[in-house]
Structure formats: C-alpha cells, structure tokens
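A.B. asks: Order-wise, the sequence lines are chains W and R.
Position 26, counted from 1, in the first sequence is what our numbering calls 26; the numbers after and before it change by one each time, with no gaps.
Position 253, counted from 1, in the second sequence is what our numbering calls 1253; the numbers after and before it change by one each time, with no gaps.
Honestly, the hints are just simulated from the structure, not real lab data.
On a predicted model such as this, the values are computed, not experimentally measured, just so you know.
Errors might be hidden in some of the hints.
[What the hints assert, rightly or not] Simulated DEER-style distance windows between Cβ atoms:
| hint | chain 1 | residue 1 | chain 2 | residue 2 | range |
| --- | --- | --- | --- | --- | --- |
| 1 | W | L674 | R | G1058 | 50 to 60 Å |
| 2 | R | G1282 | W | D806 | 42 to 52 Å |
| 3 | R | G1282 | W | Y732 | 17 to 27 Å |
| 4 | R | E1090 | W | K399 | 34 to 44 Å |
| 5 | R | T1135 | W | A338 | 56 to 66 Å |
| 6 | R | T1173 | W | E670 | 36 to 46 Å |
| 7 | W | F392 | R | R1185 | 57 to 67 Å |
| 8 | W | R793 | R | K1071 | 57 to 67 Å |
| 9 | R | D1134 | W | K204 | 57 to 67 Å |
| 10 | R | G1282 | W | P571 | 27 to 37 Å |
| 11 | W | K90 | R | T1048 | 51 to 61 Å |
| 12 | R | P1146 | W | K399 | 21 to 31 Å |
[Stated by the list, open to error] Every beta carbon over 10 Å from chain R, so not counted as near; a handful from chain W, in silico:
| hint | residue |
| --- | --- |
| 13 | R264 |
| 14 | Q430 |
| 15 | W635 |
| 16 | S760 |
| 17 | D804 |
Cβ coordinates follow ideal geometry from the N, Cα and C atoms, glycine included.
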Amino acid sequence: MNKTIGLNAKQYFSDNTYDEMFTPEMNVKQDWKAISDHIDVMGSKELAAGQKDIDWMLSENGVTYNVYNDPKGLNRPWNLNIIPFVVEQKEWSRIGEGLKQRAHLLDLVLKDIYGKRELIKNGIIPYEVVYGHRGFLRQCNQIEYKTDKLLSIYAADLSRGPDGRMWVVNDRTQAPSGMGYALENRSTAGRVLSNVYRDINVRKLSGFFHDFNQLLIKASPKQIETPNIIILTPGPHNETYFEHAYLASFLGYPLVRGNDLVVRNGFLWMKSLKGLKRIDVVLRRVDDAFMDPLELREDSHLGVAGLLDVVRKQNVTIINPIGSGVIENSGLIPFMPAIAKYFLGEELLLPQIATWWCGQEKEMEYVLSNLHKYVVKRIDRSNRESIFFGEFMNSDEKKVLQQRIRREPYLYVAQEKINFSTVPNFTNGQLEPRNMVCRAFAIAKDNAYEVMPGGLVRVAPERGNIRVSNQRGGTSKDFCIISDQPEPEVTKLSWDQNSKYALSGLNDLPSHTAENLYWAGRYVGRSLVICRFLRMTLKQLVKAKQDEHILENEKLQILLKGLTQITSTFPGFVGTEEEEAVTDVRKELEAVIFDKNKIGSLANTMMMFNHSYYAIRNLWSSDMWRVFEIIQKSWKTMDKKKVSGLSYNEIIKFLDQTITRLIAFMGLVEESILVNQGLLLYFIGLNLEQGILTISKCRALMTVQAEEPVAYEILEALLNSHESLNIYRYSYRSYITTENVLRLIVLDPYYGRSITYVISRIQKDVKKLPLSTTSDELTMYEKYIFEAFSKLRLTSAEELTEVDEDNVVFRKNLAVLLKDLSNLLFQTSQAISNTYFNHTQKQKQLTSQSFPL
Amino acid sequence: MIFSISHTTRYYYNAPVSFCHNIGTIRPRVSQGQELLSFDLKISPNPTDISERSDFFGNTITRFSLSEEHKELHVTSTSIIKREYTEVKESFLSDACKKITLSEALFALKTTNAQIIEAKQFVLESVLIRNTTDTIKQYAEVSFRPNRSVFDAAYELMQRIYTDFDFVSGFTTVSTPLSEVMKERKGVCQDFAQIAIACIRAIGLPARYISGYIETLPPPGKKKLIGADASHAWFAIFIPGFGWVDFDPTNNQIPENQHVVVGWGRDYYDVPPLKGVVFGSGTSKLKVAVDIRPAAEAAALNISL
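Chain W extracted, bound-state conformation (with noise of 0.2 Å):
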C-alpha cells in the first residue's frame, strides 16, 4: 500500500491492467521499491512542487514538440511526468540482449534486401513484404558501404506484454527520432530528482552519447580526426525540431537544411559564407523519399540533388542511410523467427507482436473473418490513416478495407490489440494508471550494438486512453534503469575536442543560418524602431485636446503620417495615388499596433522576428528562451476583441513592456552568441535597419514645413522617439534647433544612435566578413556603405538646414542625402544578400512532376 499516496487497488485498478509498480494487491513491486520509498517521503505536496520545477525547466528550454494542424499552433510543450518509468538493471541487460540481437538481424536483412536478395531467393520471406514495400527504393539496389554495419541507429517502441515481458511492437529504422528528448528528459527530470536518483543509482546516459558521437565520427568514408559532420532537419516545422537543434547544440555540428546543400564533383558540399565546405558524415532527420529529389521524391525541397551518387561513390555517409525505411515493414515480423534461424541460427530472444501478413492466402481469409479483434496496419505505413482498429469500425468500413485487402492483401498485416501495460502518473496531486510505451535505442558500436541505458517513455494523456502517442498530445517520462549498486566511477569521458566540427568561425558559417541572423538583426532593430515610434505617437494623441478633431492638429498629422511611411503601411495616413488616406484614426493605429497580416506593422515585424529566430534556435542560450517565450505569450494575447477595449494609455503600457523585454533580449543575444557564431550578421542587420529606420524618420519628420510651435514640438518629438531628449539637452543645453538635432541625430560620429555612427559601424563590421576586400578594389556592399559614409563626412549641418529660396522642395540639401543614403543603404543590403546569401540558387526540377514514392 502506497502511503502518502493513499491510493486503494479499487481507485486505482480500474479494470484488469498489468501495472509497472503496482501488483493487483496495491502492492509495490521489487524494483520499484526504491522509488516508491521516495515517493512516500515527498508526498503529494513535494511532488507537485517538483512537477511545478520540471513544466517551468522544460517551457524555459522551449522543449516543444510540433503538432500539424493543430488549432494551437505550432510548438506545443513537451510534457514531462515527475514519476520516471523504472528498471531494474539485470531485467534491462536481458533486454538490451534482445535489442541488439534484433537490431543485427535487422542490419542483415538491409544488406540482403538491397544485396544478394538470400532471404527472398531461399524462400525465407515472401518477396511481396519487399518488394511491395514503398520503402524498398530501387535506387539503392547493390549500392556498397564503407561501413560495417549499415544501421547505425535502431529503435524499436516496446510493450508490456500481459505475461510481464517486453515485446517489440514497432522497429524505427530511418531516422528514428527520440534519442534526444530522452536525453533532455534526463537532464530535466535529473535535476529536479538529483537527490532520489544518486540514491537509486541511475545509470547514467553519458557514456551513450559519447559512443553516438564517435559513430558518427567513425562513419566517416575518409578516415581523418575531424571530419566534417552535420545534422540534416526538414526545417522548424517538422514535429521533432527541437530535438534537431537540442541535438546539434548538444553534439556541436552544424544544423542544415537541404537548401544548405550541395552536390559538386561527386562530392557533398555545405554552403557556408566563405564558400563550400566538404561533407563527410550526415545524420539525417529526413525521410528517405525526400533525400534526392534528382533520383526519388521529385518534389521534395528538403534533400539534396545528386545525393545519392556521392553515396555511390563512397564519398558521405549517410546515417542511417538512404533505402533504410524498407525494414520499417510489420510485414517481416511474422517471419523474423526464421530470419534469426537463417542468419544466427537463434530463436528470437524479444517476444514481438502478434501479426498475421495478409499476403498468405490462410492468414487472409482468417484476417477477414475476425476484423473486428485485430488492428489492421499496411506494412509501410504508420500513420494513423493507414492503421485501421477492427472494434471500432462500422460494417461499412469493414467491407472498405476487406476489399482494399482482397485487392492487394501483401500490402496489409493484422496485428493483436496491445495490452498495454500502465504505470503511475502524477496527476492532480494522485498516482493515476496511464497506458505507456517505450521506445529503446541501439546504435552500433565496433562490430556490435550498444543499448542506451534509458529511452523514451510516452503515456497517454488520460486515464483509459490506449492511443499513446506525442501527436495526439500525450506526456512522458524519463526512462531510469536503476540497480542496488553505483555506477562503476569510469574515468571521466571527455568529449573528444578535436574531432568536433572544427569551429573555424565565420567562414564555415552556413549560409542559412547566416541569413537567418542578419534577418533576426534586422527584424528586432525594426521592432524597437516602431514601438519607439508608435508609442510616443500615442503619447502625443493622449495629449490632445478632447475636443479638437485629431487629424486637423497639424502636429499629430505629421506624426501620423510619419508612422505610415516608416511601417511602409500605405496608404495608411498618407494615401496613395490610388487609395485616400484614412480618416479613422482608431482603427488604422489599431491595426499598425496588432494586426499580424498587415505588412509592415508593429505585429507582422515581430511575427517575422520569431520566425527568424526560431529557425536558429539552435544557437540561443535558455535566459532568451524565456525572454524570447514571454514575449511571444504576451503578444498571442492580444486577440481582436481585446485590443479594441484598450485605452490608448493601456497600450501604451503594453509597448513599454515590449520595448523592455526587446532591450533584454538584444543584451542578451549580445553575450549569449559568439560573433564568430554569426553574431556579426546580426549586428550588420541590426545597424543597417536601425539606419534605414533613422532615416526614414528624419525624412517624414524634417523635411516637411511646419509653422512654430509646431515644428518645434516636431523635433521634440522626434528626439523623443529616438531617445535622444536627455542628450540632446546635455549635448546641447538649449532650446531645440534643427540644426543641432541634424547634429546629433544625423552628423555626430561619436554618439551611437546617429546615423552617422550606426554607418561607420556597419563599414566596420562588413569588412570583416569572410569575402570582403583583401586587396585594392572594395566589394559592391563596401563601396555603398563607404559612399553613405562618405557623403555623411562631406556635409555639415549648415548645408542641411539651408532652405532654398524657391522652397519647391523644403530642405532640399537634407532630402537629397536622406533620399541618397536610403537607397545606398538598401543597396548594401542587396549586395550582402547576393553575396552570401544566394537566394536565387534554389534547386529547381527541370520538368515538375510529382509521384508520390
């Protein structure tokens, strides 16, 4: 009997389950005594605590998991239940015995299939369960590896049979994903644990990933110290992102999309900002069919063209490689006994699932008649539309499948309902029984297979619930093999510094992830600019008189209309050749302030902002996860209907918070990135639209005639949004003049928000970058910023203030050069984007066509 819990077997037996910790009785396990003891001593009160520790830990990581098509979005939390999942030591190594044994098979069979074909030849599996196979891709046929084994990665989701033993429900063999949030789950749940886990010796998952890491290190085609490996993700939209990056980060290898890459001279290149770098070593998170679109899925943008004939030619190695989705087949389970006799001569040492292959007619007709006990899956797919559950299905989807079955019975298998066994979890402040599966990890290892010591637990995510699985939102746990002894001290594993991705700084940058810098620069450079704007604007509206109509003060008309032309929200304010300007004032600040499909206004930037930022995750530190995640929460709030009650003071008090929270943010990407890291990129991005900006405002605001005291409350205001009143007061202790505002805000070289000093600042940063001047002629994006710099030096403040005698356009000398600067400006930033960027160099199919693999 549990105590503090104070559970009875009545509450919480609801029907008969096998349970992890529990005998029907209410009685604690063996193996989970240790645990339950420091269950009983915390008590619900401690628990909830912790839980509370653990939820805070993993949202200020950002540990998310994507779900498609979720009304919430994307980025759902990952959930991590305080209770971990428990095993015992020696029932683990037997285990871990299975694992590897089945995972060698495996490894046979791969050879085989894309080999000599033996299993087919000698009648050891039906040729349908390959050759049927989606995944079976010709492409690979006979294709030679310089590895020894070819699945380096294997994890199979395992179930608690009814007889108390494990069974292997599903083997994950692609690019099987998980490994990294159970090492995150680890590092969480450690932490909140430490005390109880150094007392139940959990063993530890170090020594794993140290031996990952020198698999991947191995695997390379060139046996040299460093070879070049990198981490390929389909982009921040695929359900397990945050593991890529987490992966990345935790390993120290770039993380790259197929755009990144390219195939030139039989080789794998990464497109880094000097140039192209060699590949040696892949770990991908792609599918197979996606890999190459010259030889497989013709649509796909998230591989790369001419792949697999740099794997042909034993130049990279791709891990796991590319064909190894046709072991991913229910179809072979019903004969992987004979496949262990065939290769070793063994017995299978894991029970599987029970699963009956359609395509022998026996099994058929058997399957047919007794739909309604079984769960019927295609032996190559697993996504829910392919899995069909007999018990629930009418008559009329009964017939369906029956008749899809008749029609191709090879590509269909009959599985037995699991019985899953449950294991506690603590929820409203009580142990409740909750479905589980767990997914285990071998990788290879010399001429072996190593197991982790852990892995990832899933539940489902309510009591009863059988479907337990991330995507339809369930929770998880951390996965502790403990033993009544302590982990053997092994002398301390370092990481092996040299073979790490040699971090030669910038030149190796890749080119995405640069870009994605330089935008995240520009994009919080221009968030602040407008929220500085926008507020001070909404200052000066609360200021007015009640009574007089807004847009007939000529003051906030300037500065209405400035609002429009730096948002670039035409024909806001201003109005366009085609369209008036608007006449409510409300609605228009409402929707520059809040709506995010409004190009140009204050929410659509800082939309642009997260996207930007969210695809180098990979590179942030966890302080500006949370300030990056309270900014975020702030804005989601900020629906339709209660932006329209907010007085103007209330918004006011809003984009405070937002200026503030951006200030920290810009601080903290300062110290948390290295510039060598790209942090570079982002400065020049974040100086270049802060100049744009500056301009753009000098513009709106200067050279337009106003009447005294309106110009001066102009120019007021101007420093005001600029945050530049104190000094100007310090600078200058006068009454405000235009030319000593030109003087400060656009001539000074040494006061950091003038245009002047943000330009220099760029013309030093950009020299820096790994493809400027070297020797006597500057490049393109050097010589505008050098004219920009220059035509700033060779003006004074005088020239500026000049107004022409016929006054056709006011301040002519000031518009010019602000007009020259903008475009200068611009320029640059074309210039650095063509240079490094290369968005035009998108790889193209020839002739589209699409057929799905």
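Let chain W serve as the given structure and place chain R on it in line with the hints.
C.D. replies: For chain R alone, kept in the frame of chain W given last:
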C-alpha cells in the same frame, strides 16, 4: 535491319542556370533480338562529370552535371542498332507460348524458382500503376478467362485497347491517373501501355513497361521528314514456362524490327527520359526531336537534329 537513331533534347531557360544535375535512360539496352553497334552522346555545354550505371532493371542510366553557366542545354544521342526480331516474334506464335492457359499460368507463378521470383515483382503495384479500380479488372476479365490461352487473351486485350481508346496527344501528362485515362478512353502510347499493364496485373500476371522508339514510315510516295519520329512505349506480359511476350497497343501489333528498345521497368517512372534539377531562378522550355531510319540512309543524309 540496321538503324541509326538520333535523339535530341533541348532545354531553353529564360534565366541563366549556374549548375545542374541530370539523369536519364538514354543508352538503348541490349536485349533479345537487339544489338547496340555504336553509341555516341553529345552534351552541350560540356558536362563537368558524366557517368553511367546499370539500374535495378538492367537499364543503363546516364548521369551528368554541368557547372558552366548556360541558358540552353542540348543532349544528343546517336545509336546504331542491329534489330533482328523476326525469329523472336515467330517464337511467340509457337505452341510453347500459345498453349499456356491463364489458370496454368497463375498456378505456375506460385512456384519459387529464380525466374518466376524475378518476374513476379511485375505483378505488384508500382509508382504510377496503383490503386487499380474494379473497372480495370472488369475490362481485363473480358479477355482473360481461366481456360483461355494467355497469349490469345493478351493479343485481344491489345486489340481492344487499340479499338476502344483514341490516340490524342496533349490530353494526358505523365501524372494523369490511370482511372482518368480509363474513363475518357483517350491518351498516348504510354497511357495505353500502362492501361494494359494495369489490366494484366489485376488478373495476377506480371507485366512490364517498355520504353523505346518506333520507325515511322512516310505516306506512300512522300519523303520522310527529318526528326519526325518519336519516343514510343509498349508492354510485355510474362507467360510462365515461356517468357516475356511484347505487344504494342498503340499500333495494334506485336513489335518487330521497327521497334527499338531503350529500357524497361514497372511503369514510365522506372525508365524516365532525361530529367534534372537545375540551380537557377527561371523557367524552361523543352524540345525533343527523334529520327530513326536505316543506317545507310542516315549516313547519306548526314542528319543533325
């Protein structure tokens, strides 16, 4: 019969292409009744690297890359082929081939000797021929009956497709689903071949897709135009105990010397002509020209497409 075949593919781009990777089934395959006497491939601009390999089905796949900036890509293959198919065709009419009935064929397929296993992969669904509907099965069953000769049934199927379907170019593309071709009864040679293959597979027999060329003859008294020929496609059915027998439903005949094989697979997807991935921003236009004529005549004309 010795033929000279020249096949030119041209891509025109509206914006320069800096780099491209291409593959294609270009070199005609040596097969029963067909020898390849010479083969020449010209690519302009010059490829940076080029290689050939044998694919899963034994066809030759050519791959090449260009790294010179270009706005046009020309690929011309010239093959001299010796085609002696009359004997092969006559063997189809032997008892050894014609006597095998559908039920005997289906029974024989249950055995597992190497040749049967090799052939059986052509029973399964393939990239472009999948989710075959009952309409197709019913269409096939009109000709295929248990006690009837498989050869006779296939011959009749070919005739029926020839009669029931209209040759309309431009109505279908490579990705038009078979069900639509079946419904509209319109298409080109590759559609007819794939309809036949779907029918045969629905019955449970192996069928494969053959891609190649056919020599067209000018109307009597007229001179043959240069470059007026075309790529062609037909199908073959596997008759257990005999072997593969091919049929051309577009021309309602068993292929002979005028048919030249380039390669075969489960459907069009396995033997694509030239395709590629380019790095550039523009769009492209494609032109293809094929010329087949007796080698001696071709030499005299000094054809260049």
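A.B. asks: Now look at each hint and say whether the structure bears it out.
C.D. replies: Checked hints:
1. At about 54 Å, the CB distance of L674 of chain W to G1058 of chain R agrees with the hint of 50 to 60 Å.
2. The hinted range of 42 to 52 Å is satisfied by G1282 of chain R and D806 of chain W, whose Cβ atoms lie roughly 48 Å apart.
3. The supplied range of 17 to 27 Å is broken by G1282 of chain R and Y732 of chain W, whose beta-carbon atoms lie about 56 Å from each other.
4. Range check, E1090 of chain R to K399 of chain W: Cβ separation about 49 Å, and the 34 to 44 Å hint is violated.
5. Look at T1135 of chain R against A338 of chain W: about 39 Å separates their beta carbons, and that is not inside 56 to 66 Å.
6. A beta carbon spacing of about 54 Å between T1173 of chain R and E670 of chain W contradicts the range 36 to 46 Å that was offered as a hint.
7. A C-beta distance of roughly 41 Å is found between F392 of chain W and R1185 of chain R, which places it outside the suggested range of 57 to 67 Å.
8. In this structure the supplied range 57 to 67 Å is violated for R793 of chain W paired with K1071 of chain R, their Cβ-Cβ distance being about 44 Å.
9. For the pair D1134 of chain R and K204 of chain W, the beta carbons lie near 59 Å from each other, so the given range of 57 to 67 Å is met.
10. Distance hint check: the CB atoms of G1282 of chain R and P571 of chain W are about 34 Å apart, consistent with the given range 27 to 37 Å.
11. A hinted range of 51 to 61 Å holds for the C-beta pair K90 of chain W and T1048 of chain R, which are about 59 Å apart.
12. At about 26 Å, the CB distance of P1146 of chain R to K399 of chain W agrees with the hint of 21 to 31 Å.
13. With a least CB separation of 7 Å from chain R, R264 of chain W falls inside the 10 Å interface cut-off, contrary to its annotation.
14. Its beta-carbon lying about 50 Å from the closest one in chain R, Q430 of chain W satisfies the requirement of being farther than 10 Å from that chain.
15. Distance check for W635 of chain W against chain R: the nearest CB is about 35 Å away, which clears 10 Å, and the non-interface claim stands.
16. Its beta-carbon lying about 35 Å from the closest one in chain R, S760 of chain W satisfies the requirement of being farther than 10 Å from that chain.
17. For D804 of chain W, the condition that its CB be more than 10 Å from all CB atoms of chain R holds, with the nearest at approximately 44 Å.
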